[in-house]
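Chemist: Knowing the structure of chain B, use the given hints to seat chains G and U on it.
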Amino acid sequence: MMKTDVRKGLWISFFVLPGLLVVTLFILLPLFMSLFNSLFSWNQLLRGAFVGLENFRKIFSGYPYRERFLNALGNNAKWFLLTMLIQNTIGILFGYLLSRRLPGHGFFKRIFFIPVLFSIVAVGFLWGLYLKPTGLVNAALRLMGLGAYARAWLGQEEIATLSIIAVNIWRWVGFPSLVFLAAVDAVPADCLEAAYLDGVGEWTLFWRIVFPLIIPSVTVISVLTIIGSLNVFEQVYTMTGLDGSPNFSTDTIGTLFYRTAFGSVDSGNPEIGIGSAIGVIIYSLTFIASIVSIISTRSREVEL
Amino acid sequence: MSIKKILLIGIGLLVAATVFAAGGKDQSGASTAETSAQMKQAVVNFWTWRPEDVEGYDKLIAIFESQNPGIKIVQTAHKNTEYNTILSAALSGGSGPDVFQSRAYGGLETFAQSGYMEPLETWVPELKDFSPASRRGASSIKDGKIYGVPFASQTLFVYFNQAMYTKLGLKVPQTWDQFLANLQAMKAAGIQPLANGGKDGWTLEVLLGAIAPNFYGANDFFDAVVKGQTNFKDPRFVESIRKLGELKPFMPDLFMGTSYTDMQSSFINEQAGHFIGGSFEAGYFSKQNPDLKFDFFPGPAAKAGAPNYVSTYADGNFSMNPTSANKEEVAKFLRFLAGKTTGDLFINEFKQVSSVPGVDTSRSPFIAKVLQVQQYNTPYVFLVGFRYQQPTGSVLAQAALQGMMAGKLSAEEVCQQIQEGIASYYEPFRK
Amino acid sequence: MTTDLRYQRGRLLRNTLILLFQTAMIIYVVLIFYPLFNMVISSLKSTREIFQDPFGLPKAPRLANFRVVWVDKGFGIYFMNSFIVTAVSMVFVVLFGSMASFGISRYAYKARTLVYMLFLSGIMLPLKAAIIPLFILIKNLGLMDRQLSVILIFLAMGLPSTVFILSAFMKGIPRDLEYAARIDGCNDWMVYRMVIMPITAPAIALVTIYNAVPIWNDFFFPLVFLQSNRLKTVPVGLSSFFGQHSTDWSLLFTGLSIAILPMLILYLFMSRYFIRGMTAGAIK
Numbered sequence: 001m002m003k004t005d006v007r008k009g010l011w012i013s014f015f016v017l018p019g020l021l022v023v024t025l026f027i028l029l030p031l032f033m034s035l036f037n038s039l040f041s042w043n044q045l046l047r048g049a050f051v052g053l054e055n056f057r058k059i060f061s062g063y064p065y066r067e068r069f070l071n072a073l074g075n076n077a078k079w080f081l082l083t084m085l086i087q088n089t090i091g092i093l094f095g096y097l098l099s100r101r102l103p104g105h106g107f108f109k110r111i112f113f114i115p116v117l118f119s120i121v122a123v124g125f126l127w128g129l130y131l132k133p134t135g136l137v138n139a140a141l142r143l144m145g146l147g148a149y150a151r152a153w154l155g156q157e158e159i160a161t162l163s164i165i166a167v168n169i170w171r172w173v174g175f176p177s178l179v180f181l182a183a184v185d186a187v188p189a190d191c192l193e194a195a196y197l198d199g200v201g202e203w204t205l206f207w208r209i210v211f212p213l214i215i216p217s218v219t220v221i222s223v224l225t226i227i228g229s230l231n232v233f234e235q236v237y238t239m240t241g242l243d244g245s246p247n248f249s250t251d252t253i254g255t256l257f258y259r260t261a262f263g264s265v266d267s268g269n270p271e272i273g274i275g276s277a278i279g280v281i282i283y284s285l286t287f288i289a290s291i292v293s294i295i296s297t298r299s300r301e302v303e304l
Numbered sequence: 001m002s003i004k005k006i007l008l009i010g011i012g013l014l015v016a017a018t019v020f021a022a023g024g025k026d027q028s029g030a031s032t033a034e035t036s037a038q039m040k041q042a043v044v045n046f047w048t049w050r051p052e053d054v055e056g057y058d059k060l061i062a063i064f065e066s067q068n069p070g071i072k073i074v075q076t077a078h079k080n081t082e083y084n085t086i087l088s089a090a091l092s093g094g095s096g097p098d099v100f101q102s103r104a105y106g107g108l109e110t111f112a113q114s115g116y117m118e119p120l121e122t123w124v125p126e127l128k129d130f131s132p133a134s135r136r137g138a139s140s141i142k143d144g145k146i147y148g149v150p151f152a153s154q155t156l157f158v159y160f161n162q163a164m165y166t167k168l169g170l171k172v173p174q175t176w177d178q179f180l181a182n183l184q185a186m187k188a189a190g191i192q193p194l195a196n197g198g199k200d201g202w203t204l205e206v207l208l209g210a211i212a213p214n215f216y217g218a219n220d221f222f223d224a225v226v227k228g229q230t231n232f233k234d235p236r237f238v239e240s241i242r243k244l245g246e247l248k249p250f251m252p253d254l255f256m257g258t259s260y261t262d263m264q265s266s267f268i269n270e271q272a273g274h275f276i277g278g279s280f281e282a283g284y285f286s287k288q289n290p291d292l293k294f295d296f297f298p299g300p301a302a303k304a305g306a307p308n309y310v311s312t313y314a315d316g317n318f319s320m321n322p323t324s325a326n327k328e329e330v331a332k333f334l335r336f337l338a339g340k341t342t343g344d345l346f347i348n349e350f351k352q353v354s355s356v357p358g359v360d361t362s363r364s365p366f367i368a369k370v371l372q373v374q375q376y377n378t379p380y381v382f383l384v385g386f387r388y389q390q391p392t393g394s395v396l397a398q399a400a401l402q403g404m405m406a407g408k409l410s411a412e413e414v415c416q417q418i419q420e421g422i423a424s425y426y427e428p429f430r431k
Numbered sequence: 001m002t003t004d005l006r007y008q009r010g011r012l013l014r015n016t017l018i019l020l021f022q023t024a025m026i027i028y029v030v031l032i033f034y035p036l037f038n039m040v041i042s043s044l045k046s047t048r049e050i051f052q053d054p055f056g057l058p059k060a061p062r063l064a065n066f067r068v069v070w071v072d073k074g075f076g077i078y079f080m081n082s083f084i085v086t087a088v089s090m091v092f093v094v095l096f097g098s099m100a101s102f103g104i105s106r107y108a109y110k111a112r113t114l115v116y117m118l119f120l121s122g123i124m125l126p127l128k129a130a131i132i133p134l135f136i137l138i139k140n141l142g143l144m145d146r147q148l149s150v151i152l153i154f155l156a157m158g159l160p161s162t163v164f165i166l167s168a169f170m171k172g173i174p175r176d177l178e179y180a181a182r183i184d185g186c187n188d189w190m191v192y193r194m195v196i197m198p199i200t201a202p203a204i205a206l207v208t209i210y211n212a213v214p215i216w217n218d219f220f221f222p223l224v225f226l227q228s229n230r231l232k233t234v235p236v237g238l239s240s241f242f243g244q245h246s247t248d249w250s251l252l253f254t255g256l257s258i259a260i261l262p263m264l265i266l267y268l269f270m271s272r273y274f275i276r277g278m279t280a281g282a283i284k
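Taken in order, these protein sequences are the chains called B, G and U.
Per this note's numbering, residue 1 is the first one in the first sequence, and the count goes up by one each step.
Per this note's numbering, residue 1 is the first one in the second sequence, and the count goes up by one each step.
Per this note's numbering, residue 1 is the first one in the third sequence, and the count goes up by one each step.
Among the hints, a few may not be true.
Claimed, not checked - In silico DSS-like cross-links for lysine-lysine, where the CA-CA straight-line distance does not exceed 30 angstroms:
hint : chain 1 : residue 1 : chain 2 : residue 2
1    : G       : 142       : B       : 58
2    : G       : 72        : G       : 431
3    : B       : 58        : U       : 128
4    : B       : 78        : G       : 408
5    : G       : 72        : U       : 139
6    : U       : 171       : B       : 8
7    : U       : 139       : G       : 327
8    : G       : 167       : G       : 293
9    : G       : 431       : G       : 233
10   : G       : 145       : G       : 340
11   : G       : 72        : G       : 142
12   : U       : 128       : B       : 78
13   : G       : 327       : G       : 79
14   : G       : 332       : G       : 351
15   : G       : 369       : G       : 248
16   : G       : 287       : G       : 59
17   : G       : 72        : G       : 327
18   : G       : 79        : G       : 227
19   : G       : 287       : G       : 303
20   : G       : 303       : G       : 248
21   : U       : 59        : U       : 110
22   : G       : 287       : U       : 59
23   : U       : 139       : B       : 3
24   : B       : 3         : U       : 171
25   : B       : 58        : G       : 248
26   : G       : 303       : B       : 58
27   : G       : 167       : G       : 187
28   : G       : 332       : U       : 139
29   : B       : 58        : G       : 233
30   : B       : 58        : G       : 187
31   : U       : 139       : G       : 79
32   : G       : 79        : U       : 171
33   : U       : 110       : B       : 8
To be verified - Looking from chain U toward chain B, a few residues come up when the C-beta cut is under 8 angstroms (computed):
hint : residue
34   : 14
35   : 16
36   : 19
37   : 28
38   : 100
39   : 103
40   : 109
To be clear, the hints were calculated from the coordinates, so they are not data collected in a lab.
By construction, the Cβ of each residue, glycine as well, lies at the ideal position given by its N, Cα and C atoms.
Same shape as in the complex, but just chain B (with noise of 0.2 angstroms):
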């Protein structure tokens, strides 16, 4: 009897651990040593004193950090909230119809789901060509007699961000589209025929019937929407730059951390206690999200 639980416990081991070694070493301890170094003062590379929550307490209060900190917060938000709102909705109207079969739909689906595969960096650079003044899509403007709406479409403080995120729709809506779409289709067919037949309408039928049942799915792609904003980085190093420039106009939590934990040419010096801080606030926004996500899932499949 003993000599079968050891057999097992080797077996178990055998087949668990070197995964667990992996993530272990290249996941679990380099979190934990970010969480430690921000604890830290440091002097230029080396580690000095130990602070405590000194690094955190100048993000949220210290000059210039709270306002850095803050504006490209805000920018996340900007990212989450328009993403949430056209992304995401287009998705699930791009989802519905697929789910239709209108016409096309084979087709469709596929075409949509082309961007998703496409590098950011290749989609940045792509589109940082077509938005400079001299680009693509003011001569598109001016083609159609629109010439008066050409912008500076990445240079400009009101719109630079908007432009970078509307990029970022154009390579990503087909992803919330067909996770819509394979949601409506596990939605069981006898429950929309007995609607159907009752005459409902498709607005009531979507919303009362079709929706409640996708719902796992919106909590799983608004939990994706909440993590891919708070992570956005290369969507704005190859469009607009690390000094999310124009005046911080397109700056995000993920330019700010790397500005500050490696220094820039213009920015000065590194500042690793004050980056690994930035790095584990990053983590804890993307954690509690995901936990909450967690637990509203479980809820609501108990509900239905």
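Modeler: Okay, now just chains G and U, sitting in the frame of chain B:
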């Protein structure tokens, strides 16, 4: 099915095994090469942020290696924008190159104060002959020691297209009003007068460096502001910022979207008549368009007859890693980099103003002219004086100038923001 | 599904709405294809032509750029590197991930939930934010500037979601199969290999695509850990290429075409698997 799967996994593992084996071999190969090299040759790893200059440095290295048969220099060039990340990570990770290009001023301070740079006065005696301005860029403000061999200085001024000037019969302007008149003449002739835009904040700081000193009173103001005797809300400084705004009508359509590379290509392709930039551009201009006839003039003066000041700064240095196993050899290489051969190569190959004292400029009229306009030079204000702490003067100025150029901030507000930001840490402002 | 019912009941308002939505979808299709099409035709033009006639077809198509970018600018090598890194990472993501899922889902023991949670803790956390300690770790392991560094990181990043999907799948496999195999004298490895893995194959296909696309496209980790030009992957190579040739639009569009088109062609052949793979993780 099962056989197919086994085959697939087998192929996968085979690929993996070959990759790892190759990796392993690679390493063992390198280490045996290293051990055998240690008997005959010392290997010195050398990093730069100039992928564009790899070939030029190869020439330099070839000369050095022929003079020093026992030393082998291995050059690695990283992309400019990622150099800091990679270097600081490598050095803080406990390794890194033996010799590396390092930034001047505040960028040097980081590495020097972290102990990642060797003080060089005793290793490289030639340093005492370098100009005080270039040594300043290689010294730590904390301990005053020199941590690098300066390689080049940069000067900011106004490039113009000579063919356009000839065609429109324009004269090189000496004053601001003449300059504006020239810009106006080009605009009237349907030529884009100025290539500059505002998408990349640092090009606006360059604009400030080229134009503003002649309005804020160059060195008088610089010395006073560094000592805290005046500040950035000084009316002279505000006025100089306001002058930058007067250039807006001559910038390209939607200039807030015009990036640095857009500026370069419009000047290179002769679509714009002026380009306000630095001496570091000339080599690239001629390389991209050998037919382009261009020249430059220093920032226009406020009044006729007043001297035309240019902002100058040390571009960077070559520094030694204190943990290098081959310090003697590194020092030899650094002394070579501080010598005439290197100086000549910088001038003739890179078209850069070498910091090496007493180099021969006869083969490069451009460099000779840069040295000539440098007779009235003033430090590039934010880089030289205010890039040591967060938020740096550069970051503040770049963001605020973007605000002003977009019509969001007035010149007063720009200066207010710069002043407040720097005052948050700069002791002389806090008295 | 219920389509036919709906069309019979179609009214004018609804038909207009459907037309409207259909138009919206067609517009999006155009918005996807035209920029890609323009990218390709621009790569065949000279830079001057791109500016003067951004919409026109190239007057004298120049294919020479493609050779320059693929051979001289090293995109061929970048592709090879991306391929090696992605393939090796995926082999181990699948191997270690399925083994761990087996160890979690097919045994009952006390630490099981803990092990599962340890794996899951990494599922959505942005590893980018821990780049400094990660860097020091890679440095200490002597893996700087070696492909193994990013392979290990991608492996770590891929495992959580793989364990999440596969262990859920494996839990659903009836015990009887396993008992039967054991009676025939199979040990645990053979059960995993001969019984569970063949049944799990469809889920493995999903996991592969779900992980391979982000690994292929990842920019940040190769940027930081692979410094030699001969090791760069496509996104990083593209980034430094953009830095070096920023004023030559013709060449830039060629680089973009070379980075984007192979993925597009591969997708057109395998779209079914791609769609299933990418949506699998989210639905479950």
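Chemist: Hint by hint, say whether it matches the structure.
Modeler: Here's how the hints hold up against the structure:
no., hint, result
1, G/142 x B/58, "holds (24 angstroms)"
2, G/72 x G/431, "violated (53 angstroms)"
3, B/58 x U/128, "holds (22 angstroms)"
4, B/78 x G/408, "holds (21 angstroms)"
5, G/72 x U/139, "holds (24 angstroms)"
6, U/171 x B/8, "holds (18 angstroms)"
7, U/139 x G/327, "holds (22 angstroms)"
8, G/167 x G/293, "holds (12 angstroms)"
9, G/431 x G/233, "holds (16 angstroms)"
10, G/145 x G/340, "holds (23 angstroms)"
11, G/72 x G/142, "violated (34 angstroms)"
12, U/128 x B/78, "holds (21 angstroms)"
13, G/327 x G/79, "holds (26 angstroms)"
14, G/332 x G/351, "holds (25 angstroms)"
15, G/369 x G/248, "holds (28 angstroms)"
16, G/287 x G/59, "holds (18 angstroms)"
17, G/72 x G/327, "holds (13 angstroms)"
18, G/79 x G/227, "violated (36 angstroms)"
19, G/287 x G/303, "violated (36 angstroms)"
20, G/303 x G/248, "holds (21 angstroms)"
21, U/59 x U/110, "violated (72 angstroms)"
22, G/287 x U/59, "holds (27 angstroms)"
23, U/139 x B/3, "violated (42 angstroms)"
24, B/3 x U/171, "holds (26 angstroms)"
25, B/58 x G/248, "violated (38 angstroms)"
26, G/303 x B/58, "violated (47 angstroms)"
27, G/167 x G/187, "holds (14 angstroms)"
28, G/332 x U/139, "holds (28 angstroms)"
29, B/58 x G/233, "holds (27 angstroms)"
30, B/58 x G/187, "violated (50 angstroms)"
31, U/139 x G/79, "holds (20 angstroms)"
32, G/79 x U/171, "violated (49 angstroms)"
33, U/110 x B/8, "holds (13 angstroms)"
34, 14, "holds (7 angstroms)"
35, 16, "violated (13 angstroms)"
36, 19, "violated (10 angstroms)"
37, 28, "holds (7 angstroms)"
38, 100, "holds (4 angstroms)"
39, 103, "holds (3 angstroms)"
40, 109, "holds (6 angstroms)"
When each numbered hint is compared with the structure, violations occur for hints 2, 11, 18, 19, 21, 23, 25, 26, 30, 32, 35 and 36.
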